[in-house]
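Colleague: For reference, the chains in residue letters:
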Amino acid sequence: SQTIHQWPATLVQPVGSPLSLECTVEGTSNPNLYWYRQAAGRGLQLLFYSVGIGQISSEVPQNLSASRPQDRQFILSSKKLLLSDSGFYLCAWSGGLHTDTQYFGPGTRLTVL
Amino acid sequence: LAKTTQPISMDSYEGQEVNITCSHNNIATNDYITWYQQFPSQGPRFIIQGYKTKVTNEVASLFIPADRKSSTLSLPRVSLSDTAVYYCLVGDSGAGSYQLTFGKGTKLSVIP
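Residue numbers (the numbering used here), protein chains in the order written: chain L, 21 to 133; chain G, 17 to 128.
These aren't lab readings, by the way, just hints derived from the structure by calculation.
Because the structure is a prediction, the values reported are computed rather than measured.
It is possible that some hints are incorrect.
Chain G is nowhere near these chain L residues, computed Cβ spacing over 10 Å in every case [as the list claims (entries may be wrong)]:
(1) S40
(2) T48
(3) S49
(4) L64
(5) N83
(6) I95
(7) S106
(8) L110
(9) A112
(10) Q122
Rough simulated footprint, nothing fancy, chain G against chain L, three-plus residues with beta-carbon under 8 Å [said to hold, decoys possible]:
(11) 51-63
(12) 84-92
The beta-carbon is built from N, C-alpha and C at its ideal position, and this holds for glycine as well.
Take these sequences, add in the hints, and give me the full structure.
Modeller: And the structure:
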């Protein structure tokens, strides 16, 4: 069966510090991968998605970036965090040519102070 | 991507059937309708997906009229554990981008 992992689970960082969140998927090959952010009391905002190694599409301009160094690894980064980067970050994967069902990881709660 | 509209919140008593309706007037021919459930501090969980008519699984039923401009998620005999936010999404996987847009969802509160 497929599983998706995210770490860390929670993170408290000062403004201006760097960020690296990691997501890995097990039990599937060549998944589509996604990063979402959810601010308190709001819906999910798609940040990045990837259909393959090294292929990243950005949905919103921001100080965040994403990379996919391996088939089942997706990383969200920032060189300098802003207060507005606080939120709940979710990684998701989907697979198959004709399905858009996404499976989400446990999430990372980021607080920028 | 088609935009969806659903109620912000709903209340229901335990044991009742709950129907959450979603409007998607601009749904495209290739779009599927998918519902997710999200508990606090957890990622959304897939509930059900359909294209037309009726789909049923062990968790819920999805009713889609012929014009597909709306859909209704039906939860039979809800319990307190069904308290969550429910998202209706419309997306096209055939375009190759596999993008889904999550709105604010419907916050369902089940009352004992």
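Colleague: Next step is simple, just say for each hint if it's right about the structure.
Modeller: Taking the hints in turn, this is what the structure says about them:
With a minimum CB-CB distance of about 19 Å to chain G, S40 of chain L clears the 10 Å threshold, and the non-interface call stands. Look at T48 of chain L: its CB is around 14 Å from the nearest CB on chain G, clear of 10 Å, so calling it non-interface holds up. Here S49 of chain L stays apart from chain G, with its beta-carbon at least about 16 Å from theirs, past the 10 Å limit. Its closest Cβ contact with chain G, about 4 Å, brings L64 of chain L to no more than 10 Å, contrary to its assignment away from the interface.
With a closest Cβ-Cβ approach of about 22 Å to chain G, N83 of chain L is found to remain outside the 10 Å limit, as its non-interface label requires. The beta carbon of I95 of chain L sits about 18 Å from the closest Cβ of chain G, which is more than 10 Å, so the claim that it is off the interface holds. With a cut of 10 Å on Cβ distances, S106 of chain L stays outside the contact zone with chain G, its closest approach being about 14 Å. Not every CB of chain G lies more than 10 Å from the CB of L110 of chain L, the least distance being 5 Å, so the non-interface label is violated.
Not every C-beta of chain G lies more than 10 Å from that of A112 of chain L, the closest at about 7 Å, which undercuts listing it as non-interface. With a minimum CB-CB distance of about 6 Å to chain G, Q122 of chain L fails to clear the 10 Å threshold, and the non-interface call is violated. Closer than 8 Å: that is the beta-carbon criterion, and the region 51-63 of chain L has 4 residues meeting it against chain G, so the requirement of 3 holds. Given a C-beta distance limit of less than 8 Å, the hint that chain G covers the region 84-92 of chain L is violated, as 0 residues qualify and 3 are needed.
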